[in-house]
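Q: Throw the hints in and build the complete structure from the sequences for me.
Going line by line, the protein sequences match chains A and B. Under this note's numbering, the first residue of the first sequence carries the number 1, and numbering increases by one thereafter. Under this note's numbering, the first residue of the second sequence carries the number 1, and numbering increases by one thereafter.
None of these hints come from the bench; they were simulated from the model. These numbers come from a predicted model, not from an experiment. Accuracy of the hints is not assured; some may be wrong.
What the hints assert, rightly or not - Going by beta-carbon spacing under 8 Å, a handful of chain B positions derived as facing chain A: (1) L55; (2) K57; (3) A86; (4) V98; (5) F101; (6) I136.
For glycine and all other residues, C-beta sits at the position ideal for the given N, C-alpha and C.
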Amino acid sequence: MRFTIYQESRTGRRRSNQDRIAHCYSREALLMLVADGMGGHLHGELAAQIAAQHLTQAFQREAQPRLPDPGLFLSRVLASAHHAILDDALDRMLPEAPRTTLVACVVQDGAAFWAHAGDSRLYLLRRGRIVTHTRDHSRTQLLIDQGLLDAEDAANHPGRNRLYSCLGGNHAPQIEHSPRTPLRDGDIVALCSDGVWGPVSDDCLLGNLTAAPLSQGVPRLLEEAERRAGATADNLSMVAMCWHDEDNAGPASAESISTHTMELDDFTTRLDMSSMGPGPTKDLDEDEIERAIREINETIRKFDQKR
Amino acid sequence: MPSQANCALPQGFQLDQYRIERQLSLGGFSIVYLAFDAHDTPVAIKEYLPNSLALRKEGQTEPQVSDEHRLAFRYGMKCFFEEGRALAKLMHPNVVRVLNFFRANGTVYMVMQFERGRTLHEYIQKHRGEVKEMLIRSVFARMLNGLREVHAHKLLHLDIKPANIYLRNDGTPVLLDFGAARQTLLSDQPVLKPMYTPGYAAPEQYDKRELLGPWSDIYSVGASLHACVTGSAPPRADERVKTDTLQPVAKTQAGRYDPQLLELIDWCLQLDPLARPQSVYTVQKALIHRHGGADRPENWFADLGNRLKSFIGRS
Numbered sequence: 001m002r003f004t005i006y007q008e009s010r011t012g013r014r015r016s017n018q019d020r021i022a023h024c025y026s027r028e029a030l031l032m033l034v035a036d037g038m039g040g041h042l043h044g045e046l047a048a049q050i051a052a053q054h055l056t057q058a059f060q061r062e063a064q065p066r067l068p069d070p071g072l073f074l075s076r077v078l079a080s081a082h083h084a085i086l087d088d089a090l091d092r093m094l095p096e097a098p099r100t101t102l103v104a105c106v107v108q109d110g111a112a113f114w115a116h117a118g119d120s121r122l123y124l125l126r127r128g129r130i131v132t133h134t135r136d137h138s139r140t141q142l143l144i145d146q147g148l149l150d151a152e153d154a155a156n157h158p159g160r161n162r163l164y165s166c167l168g169g170n171h172a173p174q175i176e177h178s179p180r181t182p183l184r185d186g187d188i189v190a191l192c193s194d195g196v197w198g199p200v201s202d203d204c205l206l207g208n209l210t211a212a213p214l215s216q217g218v219p220r221l222l223e224e225a226e227r228r229a230g231a232t233a234d235n236l237s238m239v240a241m242c243w244h245d246e247d248n249a250g251p252a253s254a255e256s257i258s259t260h261t262m263e264l265d266d267f268t269t270r271l272d273m274s275s276m277g278p279g280p281t282k283d284l285d286e287d288e289i290e291r292a293i294r295e296i297n298e299t300i301r302k303f304d305q306k307r
Numbered sequence: 001m002p003s004q005a006n007c008a009l010p011q012g013f014q015l016d017q018y019r020i021e022r023q024l025s026l027g028g029f030s031i032v033y034l035a036f037d038a039h040d041t042p043v044a045i046k047e048y049l050p051n052s053l054a055l056r057k058e059g060q061t062e063p064q065v066s067d068e069h070r071l072a073f074r075y076g077m078k079c080f081f082e083e084g085r086a087l088a089k090l091m092h093p094n095v096v097r098v099l100n101f102f103r104a105n106g107t108v109y110m111v112m113q114f115e116r117g118r119t120l121h122e123y124i125q126k127h128r129g130e131v132k133e134m135l136i137r138s139v140f141a142r143m144l145n146g147l148r149e150v151h152a153h154k155l156l157h158l159d160i161k162p163a164n165i166y167l168r169n170d171g172t173p174v175l176l177d178f179g180a181a182r183q184t185l186l187s188d189q190p191v192l193k194p195m196y197t198p199g200y201a202a203p204e205q206y207d208k209r210e211l212l213g214p215w216s217d218i219y220s221v222g223a224s225l226h227a228c229v230t231g232s233a234p235p236r237a238d239e240r241v242k243t244d245t246l247q248p249v250a251k252t253q254a255g256r257y258d259p260q261l262l263e264l265i266d267w268c269l270q271l272d273p274l275a276r277p278q279s280v281y282t283v284q285k286a287l288i289h290r291h292g293g294a295d296r297p298e299n300w301f302a303d304l305g306n307r308l309k310s311f312i313g314r315s
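A: Listed below in structure tokens is the structure:
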């Protein structure tokens, strides 16, 4: 396999980054994913983290170096990620299970397979066009499908963030699977959270990703989306991969990765946990701790007064 | 990952507004101290200090957490908060009371009411095979009041065992330690394993965690009752699922205790969650009303405390 890959996640104007992104490849298979923890619910970042961790671990366990059936892998692992989130909520005795969107893509034998729940999207770009993107599992998408709303109104619709499918939460997710999709030389597969696709048009997305190498195009696109969203910018995350035919004698790019020389049992993994690293985000964790302690003490005092 | 023993804070150490007296217990997840507050009232202070993630060497105050463990340490701290949150909402004479929560030394502390007495575990050790039926019935009937309160708040205890049932000097039981069933997210980190105790944990606590419910705590109640009548816990539930070597106490202890009590224990210890009593109230009722026996006088239950006191005081 030969491809170029780039991923980046930004906090936007939110207090914390609840998005998790990852890619992981063996000699013959590649996994990419974006999970967007749902902020309106408790511990969204936990759900996103569990989902990301769960998928990359399963991939490393099973892609030795190839998956027996990529479609089946996605279907099985997304379902078990959902249960891993519920189990974790139970372990922590959380009143309700946290939620996350998830979009994941596996490439093997020159073909892509993807699956998603929620409104994180996968775009397939070919020859300067958006060939396809996933349909959001949102209320507004349903209204668009029923002809009750057009795309422009949808962008401002209050029900924009209401999802009817996600991992975690009280309901079993509705997971949508793609057919096996052969990739051509130069195809770009881009996975992103709604913080990216929400504020920008299709043309803007297309333009930024195709005009320059992904290592420049993705940051530019995120920049643009963050600028347009202004003070309300959500977390922005993208994993984008450009596919190169193995035998294509095109310009050798320093950035492209060839898995040809990898050992059979070797993996390269990148799982971003930007919100948890050191730096300014650490203060947020400090805030969380202070808040938790304050809440607990308030509860104690409240009950003490009843005594 | 070998875990090193953490050093406890020394006697006389001034921790926030409390003065450390001595270490009461040391677990894999925390150290519990006896301390005195500014009014010289004794309190129990639980210090979050997971052995596998943080190390406090001799003479140090602040435990060291390496960068690679920082994340897991923070997650574990969240679990510690969950325990605090759960307990803060519970106000019941048979559930340990949290008094304060604070940060110091790079970690967090939970201050609880200090109770004088001993654990049911210690009592069983001392009176092995001679725990009176009367004491069993009354301690458990009261302890279950606390457990009902826990379940009423949609919480599960998941670590009920004689070592977590404390008998105050006045004979009333208190349910301790709500820190069970914890785990960190990152399974490639040294994991803070769910800390159930073999023998007392229900079979579904080992694998089928989606089946957890009040009946899981009821299994642990059954196992604790089993320890009272036989002197030891039943075999581990995960072993029992494979080959069940547990003999019904109705058979092995026949003649030593009321058959109705023994049947209740066997009932609680069913491997199938649905085959057990489904609510704490059911168990409580069975403990209070003896099968076939005459109903107890009205004041029997009210009088238990005094009777209990005389039992426990005699050590």
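Q: Please write out, lowest number first, the hints stated earlier that are contradicted by the structure.
A: Violated hints (numbers, rising): 1, 2 and 6; every other hint is consistent with the structure.
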